[in-house]
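K.L.:
Sequence:
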Amino acid sequence: MDLVSLQSKIFKDPNNYLEEYTEQLEKYKAFVELPIVPLKTLSTLLSFLTTVSHFYPSQYSSLIINHLSVTTNKLLKKEIFTNILILKRKKLITEEDFFTSIFLHTSDFKSVLRMCVKEISDRKTVEIFIKYVNHGNEKQYFFALFCILYCYEIKKYEELEKIICDNLFDKKGENMCLLYFLNLIDFSFSDNIYEKENQNTEKENENVENTENNSKILFKIGEIKAEEICKLLYKDLRLNKMMRDIRVKKLRVISVLKKFYNLKLKIFDYVMKIVDPSKEDLGQLMTVLIECLTPDEVKKGVDMVLDKFCNLAKDDDMVVYGLNILKEISVRFDLDVISYLEDYKKSKSKAVGYAYKMLVKSYKEKKVVGNRSLLYVRKKASEANKENKKDSTEKKNKYKNFKKGNKRRKNNKSK
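According to UniProt numbering, the sequence shown is numbered sequentially starting from 1.
If you are wondering where the hints come from, they were derived from the structure by calculation, not from laboratory data.
There could be a bad hint or two in this list.
DEER-style ranges, computed between Cβ atoms [unchecked claim]:
hint: 1; residue 1: Lys241; residue 2: Asn401; range: 50 to 60 Å
hint: 2; residue 1: Lys172; residue 2: Met115; range: 22 to 32 Å
hint: 3; residue 1: Lys156; residue 2: Ile274; range: 34 to 44 Å
hint: 4; residue 1: Met115; residue 2: Asp166; range: 26 to 36 Å
hint: 5; residue 1: Thr82; residue 2: Tyr270; range: 48 to 58 Å
In the SDA-like style, the derived pairs of lysine to any residue whose C-alpha atoms are separated by at most 25 Å in a straight line are [to be verified]:
hint: 6; residue 1: Lys155; residue 2: Phe187
hint: 7; residue 1: Lys29; residue 2: Leu18
hint: 8; residue 1: Lys345; residue 2: Arg332
hint: 9; residue 1: Lys348; residue 2: Asp317
hint: 10; residue 1: Lys27; residue 2: Leu42
hint: 11; residue 1: Lys78; residue 2: Ile128
hint: 12; residue 1: Lys345; residue 2: Phe333
hint: 13; residue 1: Lys156; residue 2: Lys220
hint: 14; residue 1: Lys110; residue 2: Leu85
hint: 15; residue 1: Lys350; residue 2: Lys364
hint: 16; residue 1: Lys155; residue 2: Leu178
hint: 17; residue 1: Lys88; residue 2: Ala30
hint: 18; residue 1: Lys88; residue 2: Tyr141
hint: 19; residue 1: Lys220; residue 2: Lys264
hint: 20; residue 1: Lys225; residue 2: Val248
hint: 21; residue 1: Lys266; residue 2: Asp236
hint: 22; residue 1: Lys156; residue 2: Thr125
Using N, Cα and C, we set each Cβ at its ideal position, and we do this for glycine too.
Generate the whole structure from the sequences, applying the supplied hints.
P.N.:
Pasting the structure below:
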């Protein structure tokens, strides 16, 4: 009897077909012991046993979990896990056994996440994730921490707040927690599952305030905890060595919390020390710098921008960048910086001229022009600069052609 017919008959009268079911179960036991089994054959058998297993008390659940631990075939592992998930949803496997099978016998956590979102967000599973955050290997740790962040963000399980804050200061988990505070973790389970930062690099240069609207932890931790986190992060920045990428992320988190809770911590001098126009993180640091400025630090901020960006020794792109930063500062603090920039009033560079006009207009209107962000103005200024260079090249070519024509005419006259 084929398995489709047997399955249909079991659904009608399971008691009469216990022997046939047991026979198929024994066949599966034999398959588990074999080094190679045709995947199609095994897939059909697994589907049958999983579909009818709720009719018969048997060791099938433990057998299939054991099979997951012994096979190395990735396609077969995926097939087995799919059946384990069905058994879990039929309540034939406990949460503990289900997640133990994932953590111990699965390395492709991305595909697992796509399949079992419902199970991950169940409150009963939180203790399992905490266990693997504390005692798991590296892969298990990151998967468990991601699940904890997901449960906190989507399901708002407040008991997870302390774990997240503690791991913010753990060298192993700090990067993921920093990304979470900055709302840069992708909870939609796309291909780049742990980090959406690299999917759209322009987000790195957007205003910090754009990241504070969605990450739930910003609203939950409260002013006292936020201040404590900022002080610990700042102490860590000053006392310890770390990768520049992590350093910048920590500054961004401090900036977000500082602005959100109106904290008094001063980090402007520290940010100024690590600003480097040649680094790719310049946009992020300048956004942090603008956000963390206090009224008594504005003069120092303007002087720094004038020194590093707006002087005659810098090229047009740097000057444009500096003018845009000064525009943001002047609008935010109602500060007249135009008097410092007379040299650019009649600049021959279209890019510099455009940026200067935007600065003047923004200051006079006491707002950013329309809804245009700093990123937009930088883009437009860059386009204007390219156009300016194109015009300059055309003029040079025209002048060269003119000189060549004069030379030909002189040669003709001499002949």
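K.L.:
Next step is simple, just say for each hint if it's right about the structure.
P.N.:
Status of the hints after comparison with the structure:
Roughly 58 Å separates the CB atoms of Lys241 and Asn401, a value that falls within the hinted 50 to 60 Å. Checked against the hint of 22 to 32 Å, the C-beta distance between Lys172 and Met115 comes to roughly 26 Å, which is consistent with it. Taking 34 to 44 Å as the suggested C-beta distance range, the pair Lys156 and Ile274 conforms, at roughly 36 Å. Between Met115 and Asp166 the Cβ separation comes to about 29 Å, which falls inside the hinted range of 26 to 36 Å.
For Thr82 paired with Tyr270, a C-beta distance near 51 Å keeps the hint of 48 to 58 Å intact. Proximity of Lys155 to Phe187 is assessed by CA-CA distance (about 12 Å); at most 25 Å being required, the pair is judged to hold. At most 25 Å may separate the alpha-carbon atoms for a hinted pair to count; Lys29 and Leu18 meet this at roughly 16 Å. For a cut-off of 25 Å, the pair hint linking Lys345 to Arg332 stands: about 22 Å separates their Cα positions.
For the hint pairing Lys348 with Asp317, the CA-to-CA distance comes to about 14 Å; that is within 25 Å, so the pair holds. This hinted pair checks out: Lys27 and Leu42 have alpha carbons roughly 10 Å apart, not beyond 25 Å. With a C-alpha separation of about 22 Å, the suggested pairing of Lys78 with Ile128 holds against the 25 Å cut-off. Restraint check for Lys345 and Phe333: satisfied, since their Cα atoms lie roughly 22 Å apart, inside the 25 Å limit.
For the proposed pair Lys156 and Lys220, the alpha carbon gap of about 9 Å is at most 25 Å, so the pair holds. Between Lys110 and Leu85, the direct Cα distance comes to roughly 15 Å. Compliance with the 25 Å bound is thereby established for this hinted pair. Under the criterion of a C-alpha separation no larger than 25 Å, the hint pairing Lys350 with Lys364 is consistent with the structure, at around 21 Å. The hinted pair formed by Lys155 and Leu178 meets the criterion: a straight-line CA distance of about 20 Å does not exceed 25 Å.
Of the supplied pair hints, the one linking Lys88 and Ala30 holds, its CA atoms being roughly 24 Å apart against a limit of 25 Å. Distance hint between Lys88 and Tyr141 is fulfilled; the C-alpha atoms sit about 23 Å from each other, no more than 25 Å. Only pairs whose Cα atoms come within 25 Å are accepted, and Lys220 paired with Lys264 is accepted, the gap being roughly 20 Å. Simply put, Lys225 and Val248 have alpha-carbon atoms about 21 Å apart, close enough for the 25 Å limit, and the pair holds.
In summary, the hint linking Lys266 to Asp236 is supported, as the alpha carbons are separated by about 15 Å, within the 25 Å threshold. For a cut-off of 25 Å, the pair hint linking Lys156 to Thr125 stands: about 14 Å separates their Cα positions.
Going through the hint list in order, the structure satisfies each hint without exception.
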